[in-house]
Amino acid sequence: MSHISQQPDERHPMTGNRMDSGDDTGFERHEYDVVVIGAGGAGLRAAIAAHDAGARVAIVCKSLLGKAHTVMAEGGIAASMGNVYPDDNWRVHFRDTMRGGKMLNNWRMAQLHAQEAPERVLELEEWGALFDRTPEGLISQRDFGGHKYARLAHVGDRTGLEMIRTLQQHAVSLGIDVFMECTVTDIFKDGDAVAGAFAYWRETGRFVVFDAPAVVLATGGIGKSYQVTSNSWEYTGDGHALAMKTGASLINMEFVQFHPTGMVWPPSVKGILVTESVRGDGGALKNSEGNRFMFDYIPEYFKSETADSVEEAEGWYADKKNNRRPPELLPRDEVARAINSEIKAGRGSPHGGVFLDIASRRDADFIKRRLPSMYHQFKELADVDITAEPMEVGPTCHYVMGGVEVDADTEQSRVPGLYAAGEVAGGMHGSNRLGGNSLSDLLVFGRRAGESAAAYVQGLKDVRPRIVADDVRLAARTALAPFAIENGGENPYTIQKDLQDVMQRLVGIIRKAEELEESLEEIQKLKDRATRLSVEGHRQYNPGWHLAIDLTNMLIVCECIAKAALERKESRGGHTRDDYPGPDDSWGQVNLVLTLAGGDYSAPVDLEHKPLPQMPDDLRELFDQ
Amino acid sequence: MGYDLRLRVWRGDRSGGQLGDYSVPVEEGEVVLDAIHRLQATQAGDLAVRWNCKAGKCGSCSAEINGRPRLMCMTRLSDFEESETITVTPVRTFPVIRDLVTDVSFNYEKAKQVPAVKLTPRDPDGKRRMMQVDVERGQEFRKCIECFLCQNVCHVVRDHEENKEAFAGPRHFLRYAELDMHPLDTHDRRKLAQDVAGLGMCNITKCCTEVCPEGIHITDNAIIPMKERVVDRKFDPVTWLGSKIGRRDPRDEV
Numbered sequence: 249m250s251h252i253s254q255q256p257d258e259r260h261p262m263t264g265n266r267m268d269s270g271d272d273t274g275f276e277r278h279e280y281d282v283v284v285i286g287a288g289g290a291g292l293r294a295a296i297a298a299h300d301a302g303a304r305v306a307i308v309c310k311s312l313l314g315k316a317h318t319v320m321a322e323g324g325i326a327a328s329m330g331n332v333y334p335d336d337n338w339r340v341h342f343r344d345t346m347r348g349g350k351m352l353n354n355w356r357m358a359q360l361h362a363q364e365a366p367e368r369v370l371e372l373e374e375w376g377a378l379f380d381r382t383p384e385g386l387i388s389q390r391d392f393g394g395h396k397y398a399r400l401a402h403v404g405d406r407t408g409l410e411m412i413r414t415l416q417q418h419a420v421s422l423g424i425d426v427f428m429e430c431t432v433t434d435i436f437k438d439g440d441a442v443a444g445a446f447a448y449w450r451e452t453g454r455f456v457v458f459d460a461p462a463v464v465l466a467t468g469g470i471g472k473s474y475q476v477t478s479n480s481w482e483y484t485g486d487g488h489a490l491a492m493k494t495g496a497s498l499i500n501m502e503f504v505q506f507h508p509t510g511m512v513w514p515p516s517v518k519g520i521l522v523t524e525s526v527r528g529d530g531g532a533l534k535n536s537e538g539n540r541f542m543f544d545y546i547p548e549y550f551k552s553e554t555a556d557s558v559e560e561a562e563g564w565y566a567d568k569k570n571n572r573r574p575p576e577l578l579p580r581d582e583v584a585r586a587i588n589s590e591i592k593a594g595r596g597s598p599h600g601g602v603f604l605d606i607a608s609r610r611d612a613d614f615i616k617r618r619l620p621s622m623y624h625q626f627k628e629l630a631d632v633d634i635t636a637e638p639m640e641v642g643p644t645c646h647y648v649m650g651g652v653e654v655d656a657d658t659e660q661s662r663v664p665g666l667y668a669a670g671e672v673a674g675g676m677h678g679s680n681r682l683g684g685n686s687l688s689d690l691l692v693f694g695r696r697a698g699e700s701a702a703a704y705v706q707g708l709k710d711v712r713p714r715i716v717a718d719d720v721r722l723a724a725r726t727a728l729a730p731f732a733i734e735n736g737g738e739n740p741y742t743i744q745k746d747l748q749d750v751m752q753r754l755v756g757i758i759r760k761a762e763e764l765e766e767s768l769e770e771i772q773k774l775k776d777r778a779t780r781l782s783v784e785g786h787r788q789y790n791p792g793w794h795l796a797i798d799l800t801n802m803l804i805v806c807e808c809i810a811k812a813a814l815e816r817k818e819s820r821g822g823h824t825r826d827d828y829p830g831p832d833d834s835w836g837q838v839n840l841v842l843t844l845a846g847g848d849y850s851a852p853v854d855l856e857h858k859p860l861p862q863m864p865d866d867l868r869e870l871f872d873q
Numbered sequence: 014m015g016y017d018l019r020l021r022v023w024r025g026d027r028s029g030g031q032l033g034d035y036s037v038p039v040e041e042g043e044v045v046l047d048a049i050h051r052l053q054a055t056q057a058g059d060l061a062v063r064w065n066c067k068a069g070k071c072g073s074c075s076a077e078i079n080g081r082p083r084l085m086c087m088t089r090l091s092d093f094e095e096s097e098t099i100t101v102t103p104v105r106t107f108p109v110i111r112d113l114v115t116d117v118s119f120n121y122e123k124a125k126q127v128p129a130v131k132l133t134p135r136d137p138d139g140k141r142r143m144m145q146v147d148v149e150r151g152q153e154f155r156k157c158i159e160c161f162l163c164q165n166v167c168h169v170v171r172d173h174e175e176n177k178e179a180f181a182g183p184r185h186f187l188r189y190a191e192l193d194m195h196p197l198d199t200h201d202r203r204k205l206a207q208d209v210a211g212l213g214m215c216n217i218t219k220c221c222t223e224v225c226p227e228g229i230h231i232t233d234n235a236i237i238p239m240k241e242r243v244v245d246r247k248f249d250p251v252t253w254l255g256s257k258i259g260r261r262d263p264r265d266e267v
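So the sequences go chain by chain: A and B. Just so you know, we're using our numbering here: the first sequence kicks off at 249 and counts up by one. Just so you know, we're using our numbering here: the second sequence kicks off at 14 and counts up by one.
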């Protein structure tokens, strides 16, 4: 974009900021070895690891420290510590994870994840986390969907808060530099390799340049592109888009997780998460006729391990050895589809959800102790007492399985110096993520990314990539473009709303070719409109301007989702096609890889097929049981 | 059902500002933050406000609503009459950046002064054992979502900028208490709580406890016990004698 003419010593017409660049750019400038973008679980863990490996590290995050999306995680951290079931071990966890992802996961990531998660949890305890305990004093572990054994380390239903606070306090005690309320808009390269990043301070609107040969993306997900979502304003796919623009690739973008249980009423809270722990701790799903409908939706794939009668499911709560698991604890994709079908068949609750009932099984004390924030949330926001009456719940956009294609061991993308960890990375969860595997993913791969990034920088010795002055100038112009359109421009809030409508309507839980084609046309129209975004006011803490910048990221990510969803002609995990209702073995061997030619936002994304990495025989045997 | 809400919102920055009057359509079941968002999306695109989770879990959207410090996402419009004007102003104890956004860096600076936890070695099997009853005290304090409403109402700093240097505030007293009650921590921070964090300046008026959206008993369960522990350390004759004959608290003072 070049709405503003380029002259030396030029100042921006509205802000007076210098627009020229070069060694003396007039911009604040910092030098680091590793810049971590994002301060959720993955970002903090990556920064700690890079710091421990001797690197000079900065964390750059859009919100205040401690407010990232990890704080909202409720249920727990999956790790086969075997504290409740000594039979549990990494192989069982690995197998559950792969089956939950319908075997599309990167096997090596799933293996590393299962092997390393227990130590990562114990490490949190070392840094001050206070998990709930077993009667023997060990870290307690709770049941969750898709996990064979009770496996989630937890603190009531606020595990994410405990995790982020622990990591935050540890990072602060190490003296790691944190740039809060600072948003990265560009990553610079020198030739093929990363050279640094460009950001603006939300508070002042002024720019910052980071000279750094390694950047770790830990920016989370994309949920804010959907109308009904459990995600916050930050989830605009920044890291996904930055990776594409920098020349890296995305995989699995067609797989978007709709969490089965979000609040549905009142409208103001529609989409807010209702933790899977409610079901793990005994909650049953019922339709308007009072039936536990999940028994009608047990897929062949999970038949052998799922109770097929209410009696057996009831028996499981007391005797887990001799009864199979209730179908409420099937993986999230199965439960979300089932709820969707019940609502469509007219058996929904008054406000368009289904009923989730824990009051009939557990007493008030148990519920308040195990699910304090759910109790609080329903009481305060919906006037519902969950210890006495059922909740109304329905699917909500929660998580994107897709993300940056990385090397399983090092988390490096195809761009030297660019790493990704956590939700922004792809591969680990295949077509569907199991509950509890996200927090462990953040810790395991956050640490690996931080260590690899530090090692990469050490390997460079004194030959560091340098930022090209013209790139800095261009980044500044691009960021300021919305101020240059004076009258009659598009309102970013309106475009965001329209995009959310398109994605919810046409690229939601159940998809079909015509609708996906229509969505791509609509996204293109929105991209065109977004070239004329304008914002009111000035640069100081201006959410309208911030959204205008985020919108370009959202649009490109949505295009990736829709394009991959149209291409994958089967139903698997978080991707369900009305016109291709079953899984297809040949598609089960394929990843869809998305790239952006020349890093140009206005160009359409490219898509190619790539065969899945092959699992070695010793791991494959685990699935023959 | 829906109605037009009369909303007054403080607009301005460090150099000053004033209340702006708006009329915003709202729906049944909405909270103050919904009204602020609608105002932002339709009438005031540059209205500065912090928020993240919109579910009372992240503590970002603290403000003063009709003078009361609250989270905007947890304040329901049905708590007010439809004819009532709702006034939203930024929290008062911290300097304004713009509109409803304030500079809360005071809290982050104070957090840096608290030495981290340092636990005893692990058990031979690589794990640690703590009883639920022993972790529960600390768990109550770790429910803190860092909304800083307790800091905002604390009269030691609310209208006394000069006290900020020597006083860390209730949020950080929670942290000291949590660490002091950790079953396996090896540090003794009592001197620090008194000297650096200014625990003695608190005269337990419980304003902090009243505004805590998490319902943490800040005064009764954290500050008062912490004050007692500090006093024990200084004046308890047994402790005093112990220190003279070389029998000390097994923890290391930091």
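Hints are computed from structural coordinates only; laboratory data are not their basis. Predicted model only: the values in this text are computed from it and were never measured. Incorrect hints may have been included.
Unchecked claim - To spell it out: a stretch of chain A is covered by chain B in this simulated footprint if at least three of its residues, at any positions, have a beta carbon under 8 Å from a beta carbon of chain B; those stretches are: (1) 647 to 660; (2) 791 to 798.
As the list claims (entries may be wrong) - Each pair of labels, with its calculated beta carbon distance range: (3) B:Y16 / A:N735: 31 to 41 Å; (4) B:Y16 / A:E734: 28 to 38 Å; (5) A:N539 / B:V267: 52 to 62 Å; (6) A:P829 / B:R105: 53 to 63 Å; (7) A:A761 / B:Q31: 51 to 61 Å.
Claimed, not checked - Every beta carbon over 10 Å from chain A, so not counted as near; a handful from chain B, in silico: (8) R19; (9) W23; (10) G29; (11) D34; (12) S36; (13) D47; (14) R89; (15) T102; (16) R111; (17) A129; (18) T199; (19) T222; (20) P238; (21) P263.
Each residue gets a CB set at the ideal place from its N, CA and C atoms; glycine is no exception.
A quick look at each hint next to the structure:
1. Coverage of a stretch by a chain is defined here by at least three residues with a beta carbon nearer than 8 Å to that chain's beta carbons; for the stretch 647 to 660 of chain A and chain B the count is 0, and the condition is violated.
2. Taking a C-beta to C-beta cut-off of 8 Å, the stretch 791 to 798 of chain A contributes 3 residues in contact with chain B, enough for the three needed, and the coverage statement holds.
3. Y16 (chain B) and N735 (chain A) have their C-beta atoms about 33 Å apart, which keeps the hinted 31 to 41 Å range intact.
4. Roughly 35 Å separates the CB atoms of Y16 (chain B) and E734 (chain A), a value that falls within the hinted 28 to 38 Å.
5. Between N539 (chain A) and V267 (chain B) the C-beta distance comes to about 60 Å, which sits within the given range of 52 to 62 Å.
6. Checked against the hint of 53 to 63 Å, the C-beta distance between P829 (chain A) and R105 (chain B) comes to roughly 58 Å, which is consistent with it.
7. At roughly 55 Å, the beta-carbon separation of A761 (chain A) and Q31 (chain B) lies within the given 51 to 61 Å, and the hint holds.
8. The Cβ of R19 (chain B) sits about 19 Å from the closest Cβ of chain A, beyond the 10 Å cut-off, so the non-interface label holds.
9. With 10 Å as the threshold on Cβ separation, the claim that W23 (chain B) sits away from chain A holds: the shortest Cβ distance comes to roughly 14 Å.
10. For G29 (chain B), the condition that its CB be more than 10 Å from all CB atoms of chain A holds, with the nearest at approximately 14 Å.
11. Every C-beta of chain A lies more than 10 Å from that of D34 (chain B), the closest at about 18 Å, which supports listing it as non-interface.
12. Distance check for S36 (chain B) against chain A: the nearest CB is about 18 Å away, which clears 10 Å, and the non-interface claim stands.
13. Not every CB of chain A lies more than 10 Å from the CB of D47 (chain B), the least distance being 5 Å, so the non-interface label is violated.
14. Not every Cβ of chain A is farther than 10 Å from the Cβ of R89 (chain B); the closest lies at roughly 7 Å, contradicting the non-interface assignment.
15. A cut-off of 10 Å between C-beta atoms confirms that T102 (chain B) is not in contact with chain A; the least separation is 16 Å.
16. With a least beta-carbon separation of about 4 Å from chain A, R111 (chain B) fails to lie farther than 10 Å from that chain, contradicting its non-interface assignment.
17. The Cβ of A129 (chain B) does not lie farther than 10 Å from every Cβ of chain A; its closest approach is about 4 Å, which violates its non-interface assignment.
18. Separation of T199 (chain B) from chain A is adequate, the least Cβ-Cβ distance of about 12 Å exceeding the 10 Å criterion.
19. Chain A leaves T222 (chain B) outside its interface by the beta-carbon criterion, the shortest separation being 17 Å against a cut-off of 10 Å.
20. Distance check for P238 (chain B) against chain A: the nearest CB is about 17 Å away, which clears 10 Å, and the non-interface claim stands.
21. Distance to chain A confirms P263 (chain B) as a non-interface residue, since its nearest Cβ pair spans about 19 Å, more than 10 Å.
Figure legend: structure checked against the earlier numbered hints; hints not met, in rising order: 1, 13, 14, 16 and 17.
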